[in-house]
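*Asks:* Based on the sequences and whatever the hints tell you, model everything.
Given next are the chains, with one letter for each unit.
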Amino acid sequence: MHAFLKTGKLGAPTDVKKPSTSRAKDDKKDLTPWVEKYRPKNVDDIVEQTEVVNVIRQAMKHGDFPNMLFYGPPGTGKTSIIHAAARQMFGSMYKDRILELNASDDRGIQVVREKIKSFALRKANPIGPDGKKCPPFKIIILDEADSMTGAAQTALRRIMEKEAHSTRFCLVCNYLSRIIKPIASRCTKFRFKPLSDEKSISRLEYICNEENLKADRSVLEKIVEASGGDLRQAVMCLQSITRLKGKNYEITVDDALDVIGLIPDEKINALWEACKKGNYSNVETLLENLLLEGYPGSQVIEQLNEKVIFSDELSDKQKVIIGDMLGECDYKLTEGSDEYLQLLSIFSTILIAWKSS
Amino acid sequence: MSLWVDKYRPTTLAKLDYHLEQAEDLKNMVQKRDFPHLLVHGPPGAGKKTRILCILRELYGSAAERLKVENMQFETASKKKLEILTISSNYHTEVNPSDAGIHDRIVVMELIKATAQTHHIDVGQKEFKVILLSNVDQLTRDAQHALRRTMEKYISTCRLILCANSTSRVLPAIRSRCVRIRVPAPTGSEIKNILHSICKREGLHLPDEFANRVIEASGRNLRRAILMLEACKVEQCPFTADQKITEPDYQVYIRNTANMMVSEQSPKVLLEVRNRFYDLLTRAIPCDLIFRGLLKECIKNCDDQLKREIIGIASEYQHRMIRGSKPIFHLEAFAACYMAIYKKYIESSLEGFM
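Listed in order, the protein sequences are those of chains A and B.
Following UniProt numbering, the numbering of the first sequence begins with 1 at its first residue and continues without gaps.
Following UniProt numbering, the numbering of the second sequence begins with 1 at its first residue and continues without gaps.
Each statement offered as a hint is correct.
Mimicking BS3-like on lysine-lysine, the simulated pairs with C-alpha atoms at most 30 Å apart in a straight line are: (1) B/Lys113 x A/Lys95; (2) A/Lys307 x A/Lys222; (3) A/Lys222 x B/Lys27; (4) A/Lys41 x A/Lys199.
No wet-lab data here; the hints were simulated from the structure.
*Replies:* Structure below.
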C-alpha cells in the first residue's frame with residue numbers, strides 16, 4: 001500500500017494491468033526507447049560539458065546545491081545531468097524528492113500556486129529511511145521552462161526565495177532570453193554547448209555494441225552530422241533504422257539518409273545548377289519531381305540555407321537576397337502556405353540572383 | 001460494383017506493386033514486438049493509405065477489414081457539442097481530426113484516451129490498438145502539442161499512425177517521436193505496369209501510346225491515372241491510341257481563366273475573371289489548386305525577371321489567403337496585381353520598339 005501511495009497517480013495504471021509478469025517485464029525492457037535506456041545514470045557517465053559536471057560534482061560533495069538554470073540546444077544532456085545528479089544524491093529516495101514538470105503538463109499560474117507550492121512546503125528529512133544521511137532538500141525540475149508564461153514565472157519568484165531552505169529549483173530551457181530577468185538572477189546559469197562529433201560518435205558506437213548492430217563509422221558520422229550535435233536525435237535515428245531493418249543488418253548511408261529525412265545532395269545540386277544556368281523550365285520540372293518524391297519543403301529550405309552560406313561562388317549581396325527569401329518562405333511554410341509556390345519563389349529568386357552577378 | 005481504384009487496391013504488403021524494398025522493411029517492422037508510431041508522408045495518390053491499410057492487415061489479420069462507421073461525440077470546454085465521423089474496426093480507429101476545426105485538440109486527446117483505456121480480451125492479438133489520424137499537417141499547433149505528451153503516455157496500449165502530405169507543418173517534436181515513412185509518387189513506368197495489369201485483368205487491350213498519355217495527364221498520381229483510365233473506358237471501350245482523354249473540368253476552366261488574364265488586361269476582364277473565381281469556389285475546388293493552375297499559365301510567356309515578380313506576388317497572396325478568412329479577395333487581388341504588372345511590362349517593351 002505504501003509503495004502504491006508513493007508512486008502516485010501516474011504509476012498506478014501500470015500496476016493495474018499485469019498479464020503475465022515475466023513477459024510483461026521483458027516487454028517493458030524492449031519497449032523503452034533507447035533514448036531512455038541509454039540515458040546516463042551517473043554524473044560521471046556524462047560526456048562533454050566538463051565545467052557543468054565539475055560544478056555539480058563539487059556541489060554534491062558539500063551536499064548543497066544552488067538554484068540552477070540550464071540552457072542550451074536540444075539533446076545536449078541538460079535533463080540527463082540533473083536526473084543523474086539527483087539519483088546519485090538521493091538514492092532510493094529519488095522519487096520522493098523530485099517533482100518534474102514539463103511543457104506538456106499544465107503549467108499555468110494555477111499550477112505554480114498549488115502544485116509547486118505544496119511540494120515546496122513539504123519538509124525533507126535529512127535522514128533517509130535506511131538510516132543513512134540524505135541531503136535535506138527536494139528538487140523541482142521545470143523542463144522546457146521557456147514555454148512557461150510570464151505570469152507563471154512571476155509567480156515563481158517569491159516561492160523560490162521563501163522555500164530556499166528546503167527546495168532547490170532547476171530550470172531547463174533552450175533559450176535564456178525567454179526566462180524573465182528576476183528568475184534568471186536567482187539562479188546559477190550553466191550553458192550547454194552542442195556535443196562534439198567525436199563524443200557523439202563514441203556514444204553511438206557504444207550503443208551499437210550493446211545492441212549488436214553493425215554500422216560503419218562513416219554511417220555514424222553521417223548520422224551525427226545530420227543531427228547537428230543533438231545526441232537524442234542521433235540515437236532516435238539509430239533506433240528507427242533498426243526497427244525498420246532488423247538487427248542483423250549492416251546499416252548503410254542511404255538508410256540513414258532516408259530515416260533522417262535528408263534529401264540526397266545530388267538532387268539539391270541539380271536544382272542549384274539549373275538555377276545557375278538560368279534555365280527556368282528546367283528548375284520547374286526538377287522542383288515538381290522533388291516534391292513528388294515526397295520530400296518536405298522545410299527540409300529543402302534547410303539544406304539550401306546550408307548551401308548558400310558556405311558557397312564560395314556567390315557574392316555577399318546575392319547571399320543576402322537569397323537568405324532573406326529563405327527566411328520569408330520558411331515563415332510562410334510553417335503558416336501553412338502551398339509548398340510548391342513558396343519553393344518556386346525561392347528558386348526563381350536564386351535564378352535572378354545568379355543573373356545579376 | 002466498385003471502382004477500379006478500390007477493386008485493384010493491394011490488400012497485403014506482399015502484393016504491393018512498387019517501393020518493394022520499403023514494403024519489405026515495413027513487413028520486418030510489423031513482425032517485431034515493438035511497433036513504433038508511424039508518420040507516413042508523401043504526395044497525393046502515391047499510395048499512403050494503401051500502405052497503411054496493408055500494415056493494419058498485417059498486424060491484425062482480416063479482422064481489421066471489417067469496418068463500421070460511427071459518429072463520435074465530443075464536448076468542448078465551452079460546452080459546445082462536436083460530432084466527428086470515425087471509421088473503425090475492432091482494432092483500429094480512423095479519424096480526420098481537422099474536421100473539428102479549431103477544436104481538434106479535444107478530439108485527438110479524447111479519442112486517444114478512450115482507445116487507450118480499454119484492453120483487448122483475446123490473447124492472440126497484439127496488445128495495442130492503432131489510431132489512424134489523417135491530414136496531420138492540418139492540425140493546429142495546440143493539438144500537436146497535446147499529441148506529443150499523449151503519444152508517450154499511452155504507448156503501451158495505443159500506437160498512432162499519422163498520415164500527411166508534407167511534414168513541413170508537423171512539429172519537430174512529433175516528427176522525432178515517429179518512424180518516418182516517405183512514400184514517393186510512383187514513376188511513369190511503374191504506373192504503366194499497373195495500368196497494363198489492370199487492363200489485363202479486365203480483359204481489355206491498352207495501347208502503349210494511350211497509356212503514356214494517361215500517365216502524362218495524371219501527373220504521377222496513381223489514383224488519378226486509374227480513375228482517368230476508367231473514365232475513358234466508359235466513353236469508348238476498345239481503347240485506341242489516339243483516344244481523347246477527358247481532363248478534369250476544373251483544370252480546363254482554370255486554364256481558360258488564366259488565358260483570359262493573359263490576353264487582355266482591363267477592369268472588364270477582371271470582372272469576368274472574378275465571376276469565374278466564384279464559380280470555381282462554389283464548386284469547392286481547393287484554392288491552392290486554383291493558384292497553382294493560374295500561375296502555371298500566367299508565367300508561360302514572361303522573361304525571368306517578370307516571372308520572379310509574378311511568382312513573388314502569387315506566393316504572397318497565397319500566404320495571405322491561408323491567414324485570411326475569405327479566399328476570393330486574395331484570388332482577385334492576385335489577378336488584379338498580375339494584370340497591372342503584365343500590362344506595364346507589355347507597354348514598356350512596346351516603347352522599346354518605337
